[in-house]
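Asks: Each chain, letter by letter, is given below.
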Amino acid sequence: MDTPYDTTLPPHLRSLKEEIEGYARGYGLDFYETIFEVIDAEDLNEIAAYGGFPTRYPHWSFGMSYEELRKGYDYGLSKIYEMVINNDPCYAYLMRSNHTVDQKLVMAHVYGHCDFFKNNAYFGHTNRKMMDEMANHGARIRHYVERFGEDEVEAFLDRCMSIDDLIDVHSTAIRRREPVSRYDFTPEQDDSAETRATRFKSKDYMDDYINPRDLLKKEEEERRKAKEQISRSFPERPEKDVLLFLIENAPLKNWQRDVLEIVRDEAYYFAPQGMTKVANEGWASYWHSTIMTQKAMSPSEVIDFADHHSGTMAVSRGRINPYKLGIELLRDIEHRWNTGKFGKEYEECDDLEKKRKWDKQLGLGRQKIFEVRRIHNDITFIDTFLTPEFCVQHNMFAFAWQEQAGNYFIESRDFEKIKQRLLFSLTNFGKPWIYVVDGNFRNRGELLLKHQHTGVELRLDHAAETLTNLQFLWGRPVHLQTLVEGKPTMLSFDGTEHSTKTGGETDEPKRNPGKTR
Amino acid sequence: MGQKIERDHQRFRKLVRGKVKSNLSKYISRGEMIGKKGNDLVSIPLPQIEMPQFRYGNKGSGGVGQGDGQVGQPLGPGQGEPSSGAGDQPGGHILEVELTMEEMAQILGEELALPRIEPRGKKNIVTTRDKYTGIRQAGPESLRHFKRTFKRALRRQIASQAYDPLIPIVVPIRQDKQYRSWKDVQLPQSVAVLIYMMDVSGSMTDEQKEIVRIEAFWIDTWIKAHYKGVETAYIIHDAAAQEVDEHTFYHTRESGGTKISSAYILADKIISARYPPDQWNIYAFHFSDGDNWSDDTTHCLEILQEKLLPRLNLFGYGQVESPYGSGEFYEYVHELLGDRPNVVCSRIPDREAILGSIKEFLGTGR
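Chains W and R, in that order, give the protein sequences. If you read the first sequence in this note's numbering, its first letter stands for residue 22, the second for the next number, and so on. If you read the second sequence in this note's numbering, its first letter stands for residue 2, the second for the next number, and so on.
Think of the hints as simulated: they come from the structure by calculation, not from any bench. Please note that a few of the clues may not be correct.
[What the hints assert, rightly or not] Ranges between beta-carbon positions, derived for each pair:
{"hint": "1", "chain 1": "W", "residue 1": "Arg197", "chain 2": "R", "residue 2": "Lys60", "range": "30 to 38 angstroms"}
{"hint": "2", "chain 1": "R", "residue 1": "Gly230", "chain 2": "W", "residue 2": "Ser520", "range": "35 to 43 angstroms"}
{"hint": "3", "chain 1": "R", "residue 1": "Phe218", "chain 2": "W", "residue 2": "Ala194", "range": "50 to 58 angstroms"}
{"hint": "4", "chain 1": "W", "residue 1": "Arg168", "chain 2": "R", "residue 2": "Phe218", "range": "28 to 36 angstroms"}
{"hint": "5", "chain 1": "R", "residue 1": "Asp246", "chain 2": "W", "residue 2": "Asn461", "range": "56 to 64 angstroms"}
{"hint": "6", "chain 1": "W", "residue 1": "Ser331", "chain 2": "R", "residue 2": "Asp185", "range": "48 to 56 angstroms"}
{"hint": "7", "chain 1": "R", "residue 1": "Gly357", "chain 2": "W", "residue 2": "Gln473", "range": "52 to 60 angstroms"}
{"hint": "8", "chain 1": "R", "residue 1": "Gly73", "chain 2": "W", "residue 2": "Glu243", "range": "56 to 64 angstroms"}
{"hint": "9", "chain 1": "R", "residue 1": "Gly73", "chain 2": "W", "residue 2": "Ala327", "range": "45 to 53 angstroms"}
Backbone N, C-alpha and C fix where the C-beta goes; we use that ideal spot for every residue, glycine too.
This is chain W alone, in the form it adopts within the complex:
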């Protein structure tokens, strides 16, 4: 890698690394080779602004993050402790000015992350050579900048980044449809097997009675019609991966398509980190705390460790700290599976005192949390393991927006409500669900998107601007179905002006009511 930084690991850190790595392996953590690079705060801010990849493509938004990080650091408001890249080998960055105890803590934390990256199912699909891939992306985009001009490429990137969250994170695990090749020109086969009517076995002389001709014909006709309907709807099913749909179908120039693909690739690469923030940070924190307190820490470092650990774990009223929630949930799981506080027998026990003292000495805790880190993302993690006792113990509450006062207020301390709010905020990264419903809307090549309404309405100013960007990519008018103040509304942008239409869903008879879900 071509970097301007001096990243050699000084001898004392090298021996520390070996020590901590040994502890981590001793506990059964399993990770790719991890490379620590020691850099100054300024460089760390720079790399962090690039999402951890010093070789990333140029864009002003990284400059914006950089300014924020640098100001935060300069004014002593925030400091990046650890940064680790999901790659094989894993790269992790240490700040040169950190004290030894911090370096230990960061290393232990990093090994937790590396183990999670390698073993968690949701990271299974990610490119483990992303460091190189990002450099390739960078080179390609720089090349386009040279050919087509900075303003042109930047403006296009801006539009892509404005919709880079319209991906289908689960498509990496489920194949919803066969990939469409742009170079597949074989004409569509009229697959007669599907349209042919049901024929029953019969002897020749009975055939006219068992399979009456006109009935067969009618059935065949019906089936063909149904099939035509399906093939006429485009996409066949509502498509959540809007970026893919655009890549495959929008009239883009080659370089534009390539840029869009780059943005989509990176979005998919970063998606698992968003999906497992709580579990991942919890896991890493669990391990830094375990390794530090049980192995790595010397007595003189206790205070500094406690100070920094508690800093990471600080809770605020208006926001859940994923580090704190994650580590506490994991510890709770470990405790419950050590003592056997789970399963039917425990759930059905009415005696609170007995429940409190419940201890079957199973000792399954460690094993269980290793299983959790392998198969769970944040949603399943919280859905499965958040208990009412946990919410009470950690003083959790749900808050909601009140329109009149214009602020948030504590809505409830009920377990159900807390869980619902928490899961909602994690579902689809807390972003609205947007599908492509029709790529040939009104048979005029217009693009129809649908916001699957889940109780919270869209921010309209943003929605309108995002539609503008979509329209640019699609080339034809774009529409978005959503609810505004409870009423079905269609927001449209035709390339010159925005319009909003309240009322019926579309001005076209509904073609296929079952499909749009």
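Given the structure of chain W, go ahead and fit chain R onto it with the hints provided.
Replies: Structure of chain R alone, referenced to chain W:
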């Protein structure tokens, strides 16, 4: 710093400053230059360009928090960001630093190399304050000096051999009791009044008012660091002038012509009625886009020279640039500069010029 981020950062700065033509300009939020004054919080400006994306609005939104609080209790402002899931974006867009106003004024002073303001020689107003300095034998029970009283009681009991260390009971009697006493202290106090005048005629846009707001805030901060008991008066004018409160001052938009003399006459009246110059340090700042009825200008200068200037510590004229104003008034005030030491004028074409203009205003050390 690597070259790469330097480039991206420069690009971002250019976008924010509008030096690059881009359709992003409408998404720029400037962060706040001024924080909450009450809580001594200052926010650091952090310009952001917010990428438009499909996202949830406030209505119906919510989240989960941790901590105390009754159901129904509102969360403080800034708390309760509906966590956009576990995104990797950092939270708020405004950094907040806790600073006292004095610290801020100090930073301002250092940054701009401002001289300290020398209040006018007079020890203007004298206030009386109670200072508890002494002890006496009589007084109200509420002022009883507990420690001294019991010490005396103990001493008396030991002397009279009434004290038994095994049963350490000390009972003060009338003569033991000691009370705090106070002295009236005369405290000289320097007081100042700030009179802000702003042209709110049709040609002043919101952007210009924002400039005035930021400028006035810093002037306020600086002067308050040097005086106790600063009062402010706000005057808005178009063709006529009126005194208003702070909120109105910054939020009114009138239309119509401009007659600057009306504001000066009103300022003169306010000074005569409420702030006699032998007791007050008076600062007046006038912000305008420099457009005036032409036959009014001579009248203005007359009032300024004869009535206002002799009584003011400082008169500042700040001219913001507007697309409509002619800006000629600046020239007239500028001519006064030579004869009158207590006049400053400054042009403020855009936000970038605010700092320089503050320095011009306050650099006189008056």
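Asks: 48 to 56 angstroms was suggested as the range; check whether the CB atoms of Ser331 of chain W and Asp185 of chain R agree with it.
Replies: Distance hint for Ser331 of chain W, Asp185 of chain R holds at roughly 51 angstroms.
Asks: Taking the CB of Asp246 of chain R and the CB of Asn461 of chain W, does the distance hold inside 56 to 64 angstroms?
Replies: Holds - the Cβ-Cβ distance for Asp246 of chain R and Asn461 of chain W, about 60 angstroms, lies within 56 to 64 angstroms.
Asks: Confirm or reject the claim that Gly73 of chain R and Glu243 of chain W have a C-beta distance inside 56 to 64 angstroms.
Replies: 59 angstroms, holds
Asks: Between the beta carbons of Phe218 of chain R and Ala194 of chain W, is the distance compatible with 50 to 58 angstroms?
Replies: 55 angstroms, holds
Asks: Do Gly357 of chain R and Gln473 of chain W keep their Cβ atoms within the hinted range of 52 to 60 angstroms?
Replies: Given a distance of about 53 angstroms, which is inside 52 to 60 angstroms, the answer is holds.
Asks: Please check whether Gly73 of chain R and Ala327 of chain W have a Cβ separation lying inside 45 to 53 angstroms.
Replies: 36 angstroms, violated
Asks: Taking 28 to 36 angstroms as the stated bounds, is the beta-carbon spacing between Arg168 of chain W and Phe218 of chain R within them?
Replies: 48 angstroms, violated
Asks: Could you check the hint for me, namely that Arg197 of chain W and Lys60 of chain R are 30 to 38 angstroms apart, CB to CB?
Replies: 32 angstroms, holds
Asks: Quick one: are Gly230 of chain R and Ser520 of chain W within 35 to 43 angstroms, going by C-beta?
Replies: 57 angstroms, violated
Going down the numbered hints, you'll see the structure goes against 2, 4 and 9, while the others check out.
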